[in-house]
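Chemist: Use the sequences and the hints to build the structure in full.
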Amino acid sequence: MDCVEAKFSIVTPMFIGDGDSHTSSPQLRPPSIKGALRFWWRALRWYSLIEYFGDDSEAALKELHSQEATLFGSAADPNDARKGQSKVYLKLSEQSKTGGTISDWPQNNDGGSGYIGYGLDRTQESSHRYAIKQGEFTLQLILKNSVDEEQLQQLKDALKLWGMVGGLGSRSRRGFGSVAIQMLNGESCCFADENAYTTALSQLIKVVSQSNHIVYN
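Numbering-wise, the sequence shown is residues 2 to 218 according to our numbering.
Take these hints with a grain of salt, some might be off.
Unchecked claim - Each computed DSBU-like pair below joins lysine-lysine, with the alpha-carbon atoms no more than 30 Å apart:
| id | residue 1 | residue 2 |
| --- | --- | --- |
| 1 | LYS134 | LYS8 |
| 2 | LYS8 | LYS92 |
| 3 | LYS92 | LYS157 |
| 4 | LYS35 | LYS88 |
| 5 | LYS35 | LYS157 |
| 6 | LYS63 | LYS35 |
| 7 | LYS63 | LYS145 |
| 8 | LYS8 | LYS35 |
| 9 | LYS145 | LYS8 |
| 10 | LYS88 | LYS157 |
| 11 | LYS92 | LYS145 |
| 12 | LYS88 | LYS63 |
| 13 | LYS35 | LYS134 |
| 14 | LYS63 | LYS157 |
Treat the hints as calculated values from the structure; they're not laboratory data.
Modeler: Have a look at this one:
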């Protein structure tokens, strides 16, 4: 089996746990990371497929679901033992993190800036939610032999994109729980400056930026 190894740092407070938002030991878990990885994989694959199928979004979506199920697994089918099996196994190692309550980010009554975390705590009350304040972790993708070179590159691209613009946990779309990729298979993914970051990101999402089928929310 092949293995892809990526190292990440946690750069903004990550509100994540085991269902208890006030646990004193918030944990990173492979299923949550796999969900994020699938999200960014879909984001990249969608534009490649919609360009291939033209305006036939139904056919593109059907193919997207088929490819995702093939790579990441799907609901089990009692008539087909191969269905439901993932080609990708995630393993977390070398976790180093600092947890605790977050009291120094803007409160809900500070004139507006607290709205980025609206709902994490009750209005005008001090923070009581536990979070991973900062840390690092190493993620291994252990791949079955049936993963081909194209799928391997797709996984690497999804890891990079997640590590450049993504996050994990509550309010991750508002900047909480942001992660930054540091290494991928022993090669540095750090950027010397903003221009280097922008260039790398532009290349990674080239298929999206050149698409005529961009979806705006």
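Chemist: Taking the hints in turn, state whether each one holds.
Modeler: Verification of the supplied hints:
Distance hint between LYS134 and LYS8 is fulfilled; the C-alpha atoms sit about 17 Å from each other, no more than 30 Å. For the hint linking LYS8 to LYS92, the alpha-carbon distance of about 12 Å falls within 30 Å, and the restraint holds. Between the alpha carbons of LYS92 and LYS157 the distance comes to roughly 15 Å, so the proposed pair stays at or under 30 Å and holds. Between the alpha carbons of LYS35 and LYS88 the distance comes to roughly 12 Å, so the proposed pair stays at or under 30 Å and holds.
Distance restraint check for LYS35 and LYS157: the Cα-Cα separation of roughly 13 Å lies within the 30 Å cut-off, and the hinted pair is therefore satisfied. At most 30 Å may separate the alpha-carbon atoms for a hinted pair to count; LYS63 and LYS35 meet this at roughly 21 Å. Restraint check for LYS63 and LYS145: the C-alpha separation of about 24 Å stays at or below 30 Å, so the hint holds. This hinted pair checks out: LYS8 and LYS35 have alpha carbons roughly 15 Å apart, not beyond 30 Å.
In summary, the hint linking LYS145 to LYS8 is supported, as the alpha carbons are separated by about 21 Å, within the 30 Å threshold. For the hint linking LYS88 to LYS157, the alpha-carbon distance of about 14 Å falls within 30 Å, and the restraint holds. Note on LYS92 and LYS145: the hinted pairing holds, with a Cα-Cα distance of about 14 Å set against a maximum of 30 Å. A hinted pair counts as satisfied when its Cα atoms are at most 30 Å apart, and LYS88 with LYS63 qualifies at roughly 19 Å.
This hinted pair checks out: LYS35 and LYS134 have alpha carbons roughly 21 Å apart, not beyond 30 Å. This hinted pair checks out: LYS63 and LYS157 have alpha carbons roughly 23 Å apart, not beyond 30 Å.
This entry satisfies every hint, going by the numbered hints stated previously.
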